[in-house]
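In the order they appear, the protein sequences are chains A, B, C and D.
Per the UniProt record's numbering, the very first residue in the first sequence carries number 1; after that it's consecutive.
Per the UniProt record's numbering, the very first residue in the second sequence carries number 1; after that it's consecutive.
Per the UniProt record's numbering, the very first residue in the third sequence carries number 1; after that it's consecutive.
Per the UniProt record's numbering, the very first residue in the fourth sequence carries number 1; after that it's consecutive.
Calculated from the structure, these hints are not laboratory results.
Hints are supplied without guarantee of correctness; some may be wrong.
Remember, identical chains collapse to one label, so a pair may be satisfied in a single copy or spanning two.
[Said to hold, decoys possible] Okay, derived cross-link-like pairs now, SDA-like style, lysine to any residue, Cα gap no bigger than 25 Å in a straight line: (1) K249 / H83; (2) K266 / N87; (3) K254 / P124; (4) K280 / H83; (5) K280 / D143; (6) K188 / D151.
There are 4 protein chains.
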Amino acid sequence: MANSKYEYVRNFELPDSLLPNTWIVVRIDGRAFTKMCAKYSFTKPNDRRALDLMNAAAKAVVAELPEITIGYGISDEYSFVFHKSCNLFERRASKLVSTVVSTFTANYVYSWSAHFPDTPLSPPLPSFDGRAVCYPSVQNLRDYLSWRQVDCHINNLYNTTFWSLIQLGGMDNKEAEKALAGSLAADKNEILFSRFSINYNNEPDIYKKGSVVFRDYELVDPDSHQVAVAMDALAEPVQQSKSQSEGDKKRRAKAKIVVQHLDIIKDDFWNRRPWILSNKPGKVPKEM
Amino acid sequence: MANSKYEYVRNFELPDSLLPNTWIVVRIDGRAFTKMCAKYSFTKPNDRRALDLMNAAAKAVVAELPEITIGYGISDEYSFVFHKSCNLFERRASKLVSTVVSTFTANYVYSWSAHFPDTPLSPPLPSFDGRAVCYPSVQNLRDYLSWRQVDCHINNLYNTTFWSLIQLGGMDNKEAEKALAGSLAADKNEILFSRFSINYNNEPDIYKKGSVVFRDYELVDPDSHQVAVAMDALAEPVQQSKSQSEGDKKRRAKAKIVVQHLDIIKDDFWNRRPWILSNKPGKVPKEM
Amino acid sequence: MANSKYEYVRNFELPDSLLPNTWIVVRIDGRAFTKMCAKYSFTKPNDRRALDLMNAAAKAVVAELPEITIGYGISDEYSFVFHKSCNLFERRASKLVSTVVSTFTANYVYSWSAHFPDTPLSPPLPSFDGRAVCYPSVQNLRDYLSWRQVDCHINNLYNTTFWSLIQLGGMDNKEAEKALAGSLAADKNEILFSRFSINYNNEPDIYKKGSVVFRDYELVDPDSHQVAVAMDALAEPVQQSKSQSEGDKKRRAKAKIVVQHLDIIKDDFWNRRPWILSNKPGKVPKEM
Amino acid sequence: MANSKYEYVRNFELPDSLLPNTWIVVRIDGRAFTKMCAKYSFTKPNDRRALDLMNAAAKAVVAELPEITIGYGISDEYSFVFHKSCNLFERRASKLVSTVVSTFTANYVYSWSAHFPDTPLSPPLPSFDGRAVCYPSVQNLRDYLSWRQVDCHINNLYNTTFWSLIQLGGMDNKEAEKALAGSLAADKNEILFSRFSINYNNEPDIYKKGSVVFRDYELVDPDSHQVAVAMDALAEPVQQSKSQSEGDKKRRAKAKIVVQHLDIIKDDFWNRRPWILSNKPGKVPKEM
Chain A
1 MANSKYEYVR NFELPDSLLP NTWIVVRIDG RAFTKMCAKY SFTKPNDRRA LDLMNAAAKA
61 VVAELPEITI GYGISDEYSF VFHKSCNLFE RRASKLVSTV VSTFTANYVY SWSAHFPDTP
121 LSPPLPSFDG RAVCYPSVQN LRDYLSWRQV DCHINNLYNT TFWSLIQLGG MDNKEAEKAL
181 AGSLAADKNE ILFSRFSINY NNEPDIYKKG SVVFRDYELV DPDSHQVAVA MDALAEPVQQ
241 SKSQSEGDKK RRAKAKIVVQ HLDIIKDDFW NRRPWILSNK PGKVPKEM
Chain B
1 MANSKYEYVR NFELPDSLLP NTWIVVRIDG RAFTKMCAKY SFTKPNDRRA LDLMNAAAKA
61 VVAELPEITI GYGISDEYSF VFHKSCNLFE RRASKLVSTV VSTFTANYVY SWSAHFPDTP
121 LSPPLPSFDG RAVCYPSVQN LRDYLSWRQV DCHINNLYNT TFWSLIQLGG MDNKEAEKAL
181 AGSLAADKNE ILFSRFSINY NNEPDIYKKG SVVFRDYELV DPDSHQVAVA MDALAEPVQQ
241 SKSQSEGDKK RRAKAKIVVQ HLDIIKDDFW NRRPWILSNK PGKVPKEM
Chain C
1 MANSKYEYVR NFELPDSLLP NTWIVVRIDG RAFTKMCAKY SFTKPNDRRA LDLMNAAAKA
61 VVAELPEITI GYGISDEYSF VFHKSCNLFE RRASKLVSTV VSTFTANYVY SWSAHFPDTP
121 LSPPLPSFDG RAVCYPSVQN LRDYLSWRQV DCHINNLYNT TFWSLIQLGG MDNKEAEKAL
181 AGSLAADKNE ILFSRFSINY NNEPDIYKKG SVVFRDYELV DPDSHQVAVA MDALAEPVQQ
241 SKSQSEGDKK RRAKAKIVVQ HLDIIKDDFW NRRPWILSNK PGKVPKEM
Chain D
1 MANSKYEYVR NFELPDSLLP NTWIVVRIDG RAFTKMCAKY SFTKPNDRRA LDLMNAAAKA
61 VVAELPEITI GYGISDEYSF VFHKSCNLFE RRASKLVSTV VSTFTANYVY SWSAHFPDTP
121 LSPPLPSFDG RAVCYPSVQN LRDYLSWRQV DCHINNLYNT TFWSLIQLGG MDNKEAEKAL
181 AGSLAADKNE ILFSRFSINY NNEPDIYKKG SVVFRDYELV DPDSHQVAVA MDALAEPVQQ
241 SKSQSEGDKK RRAKAKIVVQ HLDIIKDDFW NRRPWILSNK PGKVPKEM
């Protein structure tokens, strides 16, 4: 029973490789998470357990896919950045997207009970969809991440005020919506402070800034020679990742993967961590 | 802090809709399952628990995505067929692939402990990648599924013989490989029978034929008028699924999703289940 | 001076093959033809010389690309249909589109003086753009061509009435537009007949029906056995064109390429010319 | 006769926009030019009339499409570069490719008689195919153009030697091929010089370097401040071309389009013509 008669069907598999020398962002989003939040009684406006679970899953993704240089998450979404020199799966979009989504989902479901010990999962289970987008320049990539972080800020300020009006101010959903219609950021800050004595600036960074996942090395003095070199390296890509030394691999494997809640819009974050854009692992801190 | 400055980055999201009026097959594959098999000591040549787990996850996928008309699985791979009239997610490849992969993975991890009660999961977790392929005609689609089922047969006959030589015949891997090099199907049947008294035909169908998942309705007499009508309906697609009546939805929701181990190469399977290709739900059996 | 240092740039050439077993339509459109019409004083509503020139160029395209099974043109656009079994240029979209557009343009410019002997071309020259679209089924393909032919009819009835109001009725453009706003086909027929004694049905078919280009063989009796066979052949594609006999090639080369002005919406056109969809050349008429 | 019944076929037209902020190269190639060369008795190894005709057609393309910032041609191929900020046709690949190919072909056929006054064209006419490729960085783009120019050099040295062996040395094709098998550049230079007293360096630049087409402005002193500014502008794209001032348009329209035969591999060409990469028109020379 030879199979040759049917093998022509492989010709229908069309290639979907992404343009070389571009930054690949795979963004995943929770499917029907509004229902999920209700079903598992997520705390409003932010459920710390749910965010910690997202971050745990994201760390596992970064650990399993060393080609990811940074991840950024807010609410039920996460963006993972593959370095522009990355050649994983020959840059095939469906392989990259499905692998990230599957690894994330596996870890989310697996780690659920550690974060929600009293709330067992039941079908339909949480799931995520994803897509890949290419960004040709560092500026485009940073603008993408800035876009997400500004979104985090805008949503969180709105949600914090909205739920304060309900939980502390006794409004119902419609009243709170109405109270906020057309309000500016300053108005919301004012409502929080004057009515509920909440200083928005004192809210936890994980809510205000989202979560950044990356391999951690010794921070670099942004004025030093090293940064200049690293930035210069960006000008043009070292060719495909194969040429990277075994040493690089080892240093990367040794690096701790951390989740932090930092401003990634300003230059400082990037200047002090040149390895994220250069793809050259930094110095592993001694204490590790 | 308006976000408009960064929103231009959305222009980099290029569309990836699949050609209308074609059958969409999303095939998923276990990642690094050779390692997985070793780590969790899967039985060779087939681990019934692992296949049952795959089938449980596949049933959940079909249940959550009613646009899937049939699924077919062997070993650590599963193919899901979306009807050619399907317009889910506007047929965007990355949404379709990632949703299938994520739903499958979630259920695989979630149901693991039910199938492997004594073997807890540990990182790195099982995961799957996936891709979408379009097939323009029913013949192409059936040839695709035939290709997978023939592959199942070829692999299973080989593996059954290979592992018999090792487990029953005392060979090591290399000796078994050598013994089978260049052998035809008849040779393998002969080895099984003469040396180990195994009649390959008596092997369980789940190993020989793989697993077919579909909604079950009353079988149709292939000679009846109904089939002719159903097949005729195939000639040209009823336009997009929106027009499908609420009645269709209800009947589909009521239908039991079954996993069976049948020949899907010959016409009989399709003739008796016209709903799979016509996308018109059949008659729900009375006893349900 | 070896070139290997730069050859990596070839990796940026991404494949663009079109899905196999689908009908490929390459449609070309005149660029900025409104200006062209004014510059070269094309007759309104239809310039016979310009249409004959389009048809001459289309015949040359069909002659040079035997994989084209039929072409259909109206105004400054032309659609060329590659048979679904066609494997020319490995079905690469850019090769197919650019070759059709270039061959068409070359012949349009070359044959210009034969059709406009008193109106020499001058820069900027006429040019065309194009795109490729895949249609999975014969019904989709025929609906595409019907769409173009209905468009031809609608536009021509409108334009014939519009220009009659101006050229015979003494209106200016705005008055004519106003007179036709919201009018139905029957209204336009009535205007033509009652005010200008024009029976639209007697207008030349080339204006009312557009132009169909194809290889001509002996017509087939639609009730005969042959048609049934031919239509059956459509059910599933004979695999790729390589297997076609040399005899087919010769018969195709011998066939006369004709331009006719026929209804291609009804079945009759297709039933009597089964070779267009079956890709099996018909019988070359004796008198040729 | 409404057309709505058929309009669904438009859904099969899938988008093909190219990634924003990347350099788009449309490369066109003569189809079957080996036959063409024989049919019209092109001079070997280079036919000056044929190259001049290619360059005339390329100038017309650049004149009609101001979004093209530079073109480069050798033999029967030409590459046209659209600036990375270009938004022409919403960057749709098929529109860009077909428009370039059609405009080039129209001008090639139209200008034929001026360059080959004694050799009238006859069907099948010369035609070209084309494709679009995106390059994310200036370095990638320059490497692409360097690749083409090195190819020009390699081919021309080979062809010059090959045809000298035949035309001056009395060899036939096979003997010449054999004589050159495995030879290095130095060997070919030596053959030319010692056997035919040809100093390859003295060959015309149009053959050795190919042809560069661009808008000409006053050259810039590469050490001046202006260059630094221009190069800095490259770091990140001014957003889409809409924002470009009318002044830019006018200066561009006034600029003379020139064809020159220069080294485009080294930095000098680019440093002295910053407008090519910056997309900011330079200073129009006074004498124009």
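Hints versus structure:
1. For a Cα distance limit of 25 Å, the shortest separation of K249 from H83 inside one copy, 15 Å, qualifies, whereas the shortest one across copies, 37 Å, does not.
2. For the identical chains of this complex, K266 and N87 are neighbours neither inside a copy (29 Å) nor across copies (29 Å), given an alpha-carbon limit of 25 Å.
3. With identical chains, the CA atoms of K254 and P124 are at most 25 Å apart between copies only, with a shortest distance of 17 Å across copies and 38 Å within one.
4. Proximity of K280 to H83 under the C-alpha cut-off of 25 Å is restricted to the intra-copy arrangement: shortest distance 11 Å within a copy versus 31 Å between copies.
5. In this assembly of identical chains, K280 and D143 lie within 25 Å of each other by CA distance both inside one copy and across copies; the values are 22 Å within and 24 Å between.
6. Proximity of K188 and D151 under a CA criterion of 25 Å is satisfied intra-copy only: 16 Å inside one chain copy versus 55 Å between copies.
In summary, the structure is inconsistent with hint 2 from the numbered list given earlier, while agreeing with all the others.
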